[in-house]
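> Each chain, letter by letter, is given below.
Protein chains: 2
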Amino acid sequence: MKKTFLLSLFAMCLSTAMAQQALWNNSQIVSPLINEDNSVTFTLFAPNAQTVQVTGDFLPAQEIEVPDWGKVKVPGVADLSKDENGVWSFTTAAPLSPELYMYSFLVDGVKTMDPSNVYMIRDVASVTNIFLIDGEGSRAHAYRVNDVPHGTVSRVWYDSPGLNKKRRMSIYTPPGYEDSQESYPVFYLLHGAGGDEEAWLALGRTAQIMDNLIAEGKAQPMIVVMTNGNPTQEAAPGETSEGLIVPGMDVSRMNQGEFETSFPDVINYVDQHYRTKTDKANRAIGGLSMGGFHSLHTSKLYPDLFDYVGLFSAAIFPFEGRDQAPVYQDFEGKLKTQFEKNPKLYWIGIGDEDFLYKDNEKFRKILDENGYPYEYYETPDGHIWKNWRIYLTEFAPKLFK
Amino acid sequence: MKKTFLLSLFAMCLSTAMAQQALWNNSQIVSPLINEDNSVTFTLFAPNAQTVQVTGDFLPAQEIEVPDWGKVKVPGVADLSKDENGVWSFTTAAPLSPELYMYSFLVDGVKTMDPSNVYMIRDVASVTNIFLIDGEGSRAHAYRVNDVPHGTVSRVWYDSPGLNKKRRMSIYTPPGYEDSQESYPVFYLLHGAGGDEEAWLALGRTAQIMDNLIAEGKAQPMIVVMTNGNPTQEAAPGETSEGLIVPGMDVSRMNQGEFETSFPDVINYVDQHYRTKTDKANRAIGGLSMGGFHSLHTSKLYPDLFDYVGLFSAAIFPFEGRDQAPVYQDFEGKLKTQFEKNPKLYWIGIGDEDFLYKDNEKFRKILDENGYPYEYYETPDGHIWKNWRIYLTEFAPKLFK
Chain A
204 MKKTFLLSLF
214 AMCLSTAMAQ
224 QALWNNSQIV
234 SPLINEDNSV
244 TFTLFAPNAQ
254 TVQVTGDFLP
264 AQEIEVPDWG
274 KVKVPGVADL
284 SKDENGVWSF
294 TTAAPLSPEL
304 YMYSFLVDGV
314 KTMDPSNVYM
324 IRDVASVTNI
334 FLIDGEGSRA
344 HAYRVNDVPH
354 GTVSRVWYDS
364 PGLNKKRRMS
374 IYTPPGYEDS
384 QESYPVFYLL
394 HGAGGDEEAW
404 LALGRTAQIM
414 DNLIAEGKAQ
424 PMIVVMTNGN
434 PTQEAAPGET
444 SEGLIVPGMD
454 VSRMNQGEFE
464 TSFPDVINYV
474 DQHYRTKTDK
484 ANRAIGGLSM
494 GGFHSLHTSK
504 LYPDLFDYVG
514 LFSAAIFPFE
524 GRDQAPVYQD
534 FEGKLKTQFE
544 KNPKLYWIGI
554 GDEDFLYKDN
564 EKFRKILDEN
574 GYPYEYYETP
584 DGHIWKNWRI
594 YLTEFAPKLF
604 K
Chain B
204 MKKTFLLSLF
214 AMCLSTAMAQ
224 QALWNNSQIV
234 SPLINEDNSV
244 TFTLFAPNAQ
254 TVQVTGDFLP
264 AQEIEVPDWG
274 KVKVPGVADL
284 SKDENGVWSF
294 TTAAPLSPEL
304 YMYSFLVDGV
314 KTMDPSNVYM
324 IRDVASVTNI
334 FLIDGEGSRA
344 HAYRVNDVPH
354 GTVSRVWYDS
364 PGLNKKRRMS
374 IYTPPGYEDS
384 QESYPVFYLL
394 HGAGGDEEAW
404 LALGRTAQIM
414 DNLIAEGKAQ
424 PMIVVMTNGN
434 PTQEAAPGET
444 SEGLIVPGMD
454 VSRMNQGEFE
464 TSFPDVINYV
474 DQHYRTKTDK
484 ANRAIGGLSM
494 GGFHSLHTSK
504 LYPDLFDYVG
514 LFSAAIFPFE
524 GRDQAPVYQD
534 FEGKLKTQFE
544 KNPKLYWIGI
554 GDEDFLYKDN
564 EKFRKILDEN
574 GYPYEYYETP
584 DGHIWKNWRI
594 YLTEFAPKLF
604 K
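Those sequence lines, one after another, are chains A and B.
Following this note's numbering, the numbering of the first sequence begins with 204 at its first residue and continues without gaps.
Following this note's numbering, the numbering of the second sequence begins with 204 at its first residue and continues without gaps.
Fair warning: there could be bad hints in the mix.
If we take Cβ atoms under 10 Å as the criterion, some of the chain B residues that face chain A in the derived model are [what the hints assert, rightly or not]:
#, residue
1, Q231
2, A249
3, A252
4, S307
5, M316
6, R347
7, R358
8, T376
9, T464
10, Q475
11, T479
12, L570
13, D571
Since the hints were derived computationally from the structure, they do not count as laboratory data.
Even glycine gets a Cβ: it sits at the ideal position worked out from N, Cα and C.
With the hints as constraints, model all of the structure from the sequences given.
What follows is the structure, encoded as C-alpha cells:
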C-alpha cells in the first residue's frame with residue numbers, strides 16, 4: 204500500500220464535480236461557516252451562475268399571494284454576492300440564536316443543496332440542508348449530540364393485523380437499557396401528515412433530546428416508539444417494496460380511524476419484545492399535527508391505556524363533510540370517560556401563529572367548560588419543527604414521575 | 204379540521220422553492236424517470252440556467268489530467284437540453300442494466316442535487332442522488348426492498364476499552380431474531396477509508412441484500428455487525444459531540460494497528476448483548492478496501508476467531524516507510540499460523556481495473572506459493588460500490604454452511 208493507495212483514495216474523492224471544483228478552485232470552502240458571534244456565512248463557488256440566493260428559516264418569512272389560496276407564508280430569500288473568483292457569499296445581518304436551522308441555495312432559480320454541507324434532512328417530499336447554532340444553557344444545546352451516554356435507535360418491523368400489514372417503526376431505548384434487567388415506561392411519539400417513522404428522529408432530534416434530558420436527570424429513562432402514522436404505508440418512502448417512490452401527503456383515509464383502532468398492535472409488539480412497564484401510569488402518547496390528532500383520539504378510544512397525553516400543534520376535529528368512523532363519534536362522551544379516569548397529564552402546546560390555533564382554542568374551551576384539567580404551553584411562531592422540538596423538550600420531562 | 208387544514212398542509216409544502224417551482228410550472232416533474240425500456244430520463248426546471256449537465260456512474264467514465272497526479276478516471280458528464288418552458292432534460296442513449304446508480308446535476312457548473320429526487324446517499328464527504336434499475340433475476344433485484352421479511356437495523360453504542368472510547372456501530376439482526384430463542388452466527392462487515400458505520404447500510408445496501416438472500420434461502424440467517432473502522436472516531440460524522448463536522452478521510456493512524464488489536468471489544472459487546480454462536484465456525488469477517496485490510500490483519504492476529512474471511516478490493520500491505528505496529532510484523536508467519544488452523548473460507552474479490560489489483564496479485568502469489576487455499580472472484584471495473592455489493596452478494600451465501 205504505497206503512494207498508489209493515497210493517489211487512488213484521492214481519485215475516489217474526485218468522483219464528484221464538487222471535489223473537482225474544490226480542487227480547481229484550490230481552496231476548501233466551508234459552508235455554512237458559523238462565525239464567532241453566531242452570525243452565519245454561506246458560500247458557494249459558482250463562477251458561471253447569474254444569481255445565487257439562499258432561502259431558509261433563519262431569514263424573515265415572506266408572504267406571497269398564491270392563486271386560489273390567498274396569502275401564504277414562505278421562508279425568506281437573501282442574495283449572495285459574487286467575488287472576482289466566482290465565489291458567492293452571504294452573511295446574516297445579525298447573530299442567530301441557538302437553534303437547528305434549515306436552508307438551501309437557489310442557483311439561477313434552481314433549488315440546490317449546499318455542496319459543502321453533507322447534512323441534509325428530508326421533510327415530507329423535500330430535502331434541505333441543516334445547521335445547528337449551539338449555546339450552553341440554550342434549549343438547542345439539547346438538540347445536538349453531546350458527550351453523554353447514548354441510547355440505541357432501531358428500525359423494527361412488526362405485524363399489524365389491524366392494518367393487515369407488516370409495518371416499520373423506529374424505537375429508541377435509553378442508555379443502559381441493554382445492560383439492565385429493569386422494565387421501562389414507554390412514550391409513543393407520533394408524526395404529522397406526510398411524515399413517517401423517520402420524522403421525529405430527523406428534524407425532531409428525538410434521540411439527541413432524550414439522551415440529553417436523561418443525562419441531565421431531567422427526564423426518566425424511557426423507551427420512545429415512533430410509529431408510521433399513515434395507514435396506507437408499510438414504512439417510510441424508499442423502505443418498502445414500492446421502491447424509491449416520490450413521497451407525498453395522503454390524508455384521504457384520515458377519517459377512517461384505522462390508525463387509532465389498530466394502535467394496540469403497536470403496543471402489543473412493544474410490550475412483547477421490550478422490557479416495558481405495561482400499566483397506564485407508565486404509558487404516554489403524544490404527537491405533532493396529525494400525530495396530535497392521533498394521540499387525542501387514540502387516548503380517548505382507549506381510556507385505560509395512557510396516563511400522559513401530549514398534543515403538539517394538534518389537529519383536533521375530524522374532517523367535516525366526510526363520513527366519520529366510530530372512533531370520532533361521541534367526541535364529548537369519550538372525552539368524559541377519559542377524564543373520569545383521571546389521566547395524570549393532558550398537555551397542549553401550540554404556536555400563536557399556528558393555523559390550528561383556533562381549533563385548539565375551541566378544544567380548550569370544551570376542556571375548560573367540563574373542568575377537565577390540562578396544561579397549556581403557548582409559543583410564538585406557527586406549525587413548524589422548531590416548535591415541535593420545544594414541545595418534546597417540555598413534555599418529556601413531565602412523564603412517569 | 205376543515206379546508207384550513209388542507210390549505211395549511213399545502214402551505215407547508217410551499218416551504219421550499221422547489222415546491223413553488225412545481226406550482227408555478229404547473230406540473231410535477233418526475234426525475235429520474237425510468238422508461239419502459241430501462242433508459243432513464245433526467246429532468247430539471249431551470250429557465251434561467253445557462254447550462255445543465257448530469258454526471259453519474261451510468262455514463263462512460265472520462266479520464267482527466269490532474270496536475271501532480273496524472274490521469275484520473277472520473278464519471279462522465281452529459282448535457283441536458285432546454286425546451287421552450289425552461290425544462291431541461293436528457294435521456295440515456297441506451298437502456299441501463301439493473302444496478303443502483305449515483306448521479307447529480309451540474310447547473311451552470313454547480314453540483315446540484317436533483318430537487319425531484321429525495322433519495323440521496325452520502326459517500327465519505329460528498330452526497331449524490333441515487334436510483335435503482337430493477338430486473339427480476341438480476342443481482343440488483345436483491346439491492347431493493349422486496350416484499351420479504353425484514354431484519355432489524357440498530358445503531359448501538361458500545362464501550363471500547365482498547366480505543367478508550369464509547370463507539371457506535373450498526374447491527375443487522377435477521378428476520379425472526381426477536382421471536383426466536385435461537386443463537387445466530389455473526390458476520391463482521393467493515394467499511395473502507397473515509398467510510399463509517401453507515402457506509403455498508405447506505406451504498407452497500409446490506410440490509411436489503413441480507414433480507415433478500417435470507418428470504419430466498421441463499422444465505423443463513425445471521426447477525427451482521429458494521430463497525431466504525433476509524434480508530435480516531437467515536438461514530439459517523441454528525442453523530443458525535445464534535446457536531447456537524449465536514450467529513451474527511453484520515454488514514455494517518457492506519458499503520459498503528461489499533462483497529463485490529465481492539466477488535467475483541469466489538470466481539471465481546473456483541474456476544475454479551477446478542478444471542479450469538481461464539482465459536483470460530485460461526486464467525487466471519489470481511490470488508491472493502493481498508494476494511495479488507497482490517498479483515499486480513501485482524502483475522503491473522505486472532506487466528507482462532509474467524510473461520511470465514513472476505514477481502515473485497517482489499518488493501519493488503521501496510522504503508523511502507525512508516526513504523527509498523529506489531530500487528531503487521533511477521534506477515535507470513537502470522538499467515539502460516541492462521542492457515543494451519545484451516546479456516547473454512549478465505550475469499551478474495553477484486554475488479555480488474557482496481558488500483559489494488561497488483562497488491563492482490565502479489566498476495567495471491569504468497570497464498571499460492573504456500574498452498575493456502577482461497578477462493579478468488581474477479582469482476583470488471585475498479586474500486587467502486589458496484590463491486591462491493593456484488594462481493595457481498597457472493598460472499599454472504601457461502602457463510603456458516
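> Run every hint past the structure and note whether it holds.
How the hints compare with the structure:
1. Evaluation of the Q231 (chain B) hint against chain A yields a held restraint, the C-beta minimum of about 8 Å falling below 10 Å.
2. Nearest Cβ of chain A to the Cβ of A249 (chain B): about 4 Å, under the 10 Å cut. The hint holds.
3. A cut of 10 Å between beta carbons decides the hint on A252 (chain B): the least distance to chain A is about 5 Å, and the hint holds.
4. Evaluation of the S307 (chain B) hint against chain A yields a held restraint, the C-beta minimum of about 7 Å falling below 10 Å.
5. Evaluation of the M316 (chain B) hint against chain A yields a held restraint, the C-beta minimum of about 4 Å falling below 10 Å.
6. A distance limit of 10 Å between C-beta atoms decides the matter here; for R347 (chain B) the minimum to chain A is near 6 Å, and the interface restraint holds.
7. Interface restraint check for R358 (chain B): the shortest CB-CB distance to chain A comes to about 5 Å, inside 10 Å, so the restraint holds.
8. The beta carbon of T376 (chain B) comes within 9 Å of a beta carbon in chain A, closer than 10 Å, and the hint placing it at the interface holds.
9. With a cut of 10 Å, the hint placing T464 (chain B) at the interface with chain A is violated, because the nearest CB-to-CB distance is about 19 Å.
10. The criterion of a C-beta within 10 Å of any C-beta in chain A is met by Q475 (chain B), whose closest approach is roughly 9 Å, and the hint holds.
11. Nearest Cβ of chain A to the Cβ of T479 (chain B): about 14 Å, over the 10 Å cut. The hint is violated.
12. Interface restraint check: L570 (chain B) against chain A, minimum CB-CB distance 18 Å, threshold 10 Å, status violated.
13. A distance limit of 10 Å between C-beta atoms decides the matter here; for D571 (chain B) the minimum to chain A is near 21 Å, and the interface restraint is violated.
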